[in-house]
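Protein chains in written order, with this note's numbering: chain H, 1 to 254; chain G, 1001 to 1307.
Hints are supplied without guarantee of correctness; some may be wrong.
Stated by the list, open to error - Once the Cα atoms are required to be at most 35 Å apart in a straight line, the calculated DSBU-like pairs of lysine-lysine come out as: (1) Lys1306/G - Lys1250/G; (2) Lys1177/G - Lys224/H; (3) Lys1217/G - Lys252/H; (4) Lys1248/G - Lys252/H; (5) Lys1173/G - Lys1250/G; (6) Lys1173/G - Lys250/H; (7) Lys1232/G - Lys70/H; (8) Lys1248/G - Lys1173/G; (9) Lys34/H - Lys50/H; (10) Lys252/H - Lys1173/G; (11) Lys252/H - Lys1232/G; (12) Lys1306/G - Lys1232/G; (13) Lys1177/G - Lys1217/G; (14) Lys252/H - Lys50/H; (15) Lys1052/G - Lys252/H; (16) Lys1232/G - Lys1173/G; (17) Lys224/H - Lys1173/G; (18) Lys1173/G - Lys50/H; (19) Lys1071/G - Lys1052/G.
Note that these hints are calculated values from the structure, not bench results.
This is what each chain is made of:
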Amino acid sequence: MNIVVAIKQVPDLVEELELNDSGTDLDREWLKFKVNEFDEHALEAALLLKDAQGAQVTVVALDNGLDIDKALYAAAAKGADRVVKVTGEFEGYVSSHAAAKALAGVISGMSPDLVLTGVQAVDDLDGQLAVLLAHELGMPHITVVTDIEVNGSTATVQKEYGGGMVGEFEVQLPVTLGIQAAAETPRYVPVAKVRRAMKSTDIEEISGDAAGAGAGFEVTKMFKPETGQGAEMLSGSADDVAARIVEIIKSKGV
Amino acid sequence: MTYVIIEHNNGKIEDISFEMLGKARAMGNGVTAVLLGSGTGDMVAQLGAADKVIVCDDPAFANFNPEAACKTASSILSGNTGDIILVGNTSMGMEIGPGLSASLGIPLVAYVTDIADGTVTSSLYGGKMSVQSAVSGGYIASVMAGAFPGDDGRVDGSPATEAATACVTSDLKVRFKQLIAPEGGDVDITQQDVLVSVGRGIQNEDNLEIVEELAQKLNAAVSCSRPIVDNKWLPKSRQVGKSGLKVKPKVYLAIGISGAPEHIEGMRDADTIIAINTDENAPIFDYADYGTTEDLFDVVPAITEKL
Chain H
1 MNIVVAIKQV PDLVEELELN DSGTDLDREW LKFKVNEFDE HALEAALLLK DAQGAQVTVV
61 ALDNGLDIDK ALYAAAAKGA DRVVKVTGEF EGYVSSHAAA KALAGVISGM SPDLVLTGVQ
121 AVDDLDGQLA VLLAHELGMP HITVVTDIEV NGSTATVQKE YGGGMVGEFE VQLPVTLGIQ
181 AAAETPRYVP VAKVRRAMKS TDIEEISGDA AGAGAGFEVT KMFKPETGQG AEMLSGSADD
241 VAARIVEIIK SKGV
Chain G
1001 MTYVIIEHNN GKIEDISFEM LGKARAMGNG VTAVLLGSGT GDMVAQLGAA DKVIVCDDPA
1061 FANFNPEAAC KTASSILSGN TGDIILVGNT SMGMEIGPGL SASLGIPLVA YVTDIADGTV
1121 TSSLYGGKMS VQSAVSGGYI ASVMAGAFPG DDGRVDGSPA TEAATACVTS DLKVRFKQLI
1181 APEGGDVDIT QQDVLVSVGR GIQNEDNLEI VEELAQKLNA AVSCSRPIVD NKWLPKSRQV
1241 GKSGLKVKPK VYLAIGISGA PEHIEGMRDA DTIIAINTDE NAPIFDYADY GTTEDLFDVV
1301 PAITEKL
């Protein structure tokens, strides 16, 4: 079984987000990036399938000029068999439509049975990647997936709805799936193991092309949302704050 | 004309559909609802906010099927590439929205919180940034749940209907198998007066102990945001939010929860919300009644001690 996992990096929201001078995008110069957490789950789902029934796992990422090598080495250290960087004009922000086109051009040559990627990302303004990618690849799609079982030429897939309802589907392979959560917490890999992977792994480079594809609209303004009435902020030491919170809870008669 | 893709599950029209209908009505260009279902009569009667309902009534739509829904919606809307199409930014909408964008070749703007005169506003970066986009011509907007009031769209009536044909052939690659209801947990978090809710800020599973101690003192239940469930630290039955449960406790303590839109959707109606988060820009503070940026690892044990 051939599994391709598409990953990307997104701004780490733990950091303060600043705007660029024109106020239309984040100031990316000092931003800290990390792999989209749902892509980490997609990778974990692939590695769990590999552990259970054997699979060749290939991880693919657009070369965004950031620390994508590190992310690919980490994927290799976790158990990916092949890591591929798609080279081209992908610096800065890449729309989901452009990413889908560029990734599909590369992934279609890999004859995958399963293509997995995260259900969403914090910055996919023009829509979530999985279904767009499925269309480019001419595959069926299911997104918001929390469970995958592969049985020969089909997969049984669970898709999550609101309120904890789950739909179960059977789908013919190949299929593209948007992963909400893997069956296990994404595995941790020690730094030493990543360092070893850096020595033993070759990142393959394949050129990609997103010509003609894009969001199809312009961002005119980005801004921090106006805070509504907002919270009354409690001041003082942790102890003062705790005392105040106890008072508030008690005043609610609970 | 504004088109609204109606979402329903298990025979019930979802709130997001009424929210979109209300917004579409307010946009003033006429409203056409698109309804794919089986035995849809009762549902059509709830879509009075639409001028017209295009109905595809077929046993194939007794349950949602991403492939059948995308193909049929695409066929119905193939001549509407100049119109605005509203779809929920939901589990079903995340199949249909991008599916339509790809098949119709028109833009998709996601995470939409407002639409006014060609400017579409979205909530990105976990609710930390708003983005305005200028879109010309037809497009699809995938609308955040709760962005628009549902009451304006919740109108009974008998709108004109137009029948459409299902694009369902025997060679569909995706087959619906079953709908699985959530397992009941040990605790029903929707029935609690007080919820001690924990998020990513708790850092690891061992640290859950401090929130459990607090919950015990308060005779409350522990609930959580999505990352905690994805990490298997707490069962799904404790999850508050879009893919979890909607809760309305008297007091909701949000501990180490940033307040991503998906979480807010599940707890915004709590009577009193108290947020503890070291990030002063965390969106949770926009929804909380009281907040503190003191470290949860200091504050939470201190509250427990004082109770």
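Worksheet item: Is the Cα-Cα distance between Lys1248/G and Lys252/H 35 Å or less?
Response: Holds, at roughly 14 Å.
Discussion item. With the threshold set at 35 Å, check whether the alpha-carbon distance from Lys252/H to Lys1232/G stays at or below it.
Written reply: Since the Cα atoms of Lys252/H and Lys1232/G sit roughly 32 Å apart, the hinted pair holds (cutoff 35 Å).
Worksheet item: CA of Lys1248/G to CA of Lys1173/G, is that 35 Å or under?
Response: With Cα atoms ~41 Å apart, Lys1248/G and Lys1173/G exceed 35 Å; violated.
Worksheet item: Is it true that the CA of Lys1306/G sits at most 35 Å from the CA of Lys1232/G?
Response: 30 Å, holds
Worksheet item: Within a Cα-Cα threshold of 35 Å, do Lys252/H and Lys1173/G meet the stated pairing?
Response: 54 Å, violated
Worksheet item: Are the Cα atoms of Lys1306/G and Lys1250/G separated by 35 Å or less?
Response: 20 Å, holds
Worksheet item: Would the pair Lys1177/G and Lys224/H pass a check requiring their Cα atoms to be no farther apart than 35 Å?
Response: Given pair Lys1177/G, Lys224/H is violated - Cα atoms ~43 Å apart, limit 35 Å.
Practice prompt. Decide if the proposed pair is consistent with the structure: Lys1052/G and Lys252/H, CA atoms, cutoff 35 Å inclusive.
Written response: Since the Cα atoms of Lys1052/G and Lys252/H sit roughly 47 Å apart, the hinted pair is violated (cutoff 35 Å).
Discussion item. Just to be careful, I want the Cα atoms of Lys1232/G and Lys70/H compared with a cutoff of 35 Å; is the pair within it?
Written reply: With a Cα-Cα distance of about 26 Å, the restraint between Lys1232/G and Lys70/H holds, given a limit of 35 Å.
Discussion item. Next pair to validate is Lys1232/G with Lys1173/G; report whether the Cα-Cα distance is within 35 Å.
Written reply: 31 Å, holds
Discussion item. Tell me if the straight-line CA distance from Lys1217/G to Lys252/H falls inside 35 Å.
Written reply: 16 Å, holds
Worksheet item: Between Lys1177/G and Lys1217/G, does the CA-CA distance stay at or below 35 Å?
Response: Not OK: Lys1177/G and Lys1217/G at ~44 Å, beyond 35 Å, violated.
When held up to the earlier numbered hints, the structure conflicts with 2, 5, 6, 8, 10, 13, 14, 15 and 17 and fits the remainder.
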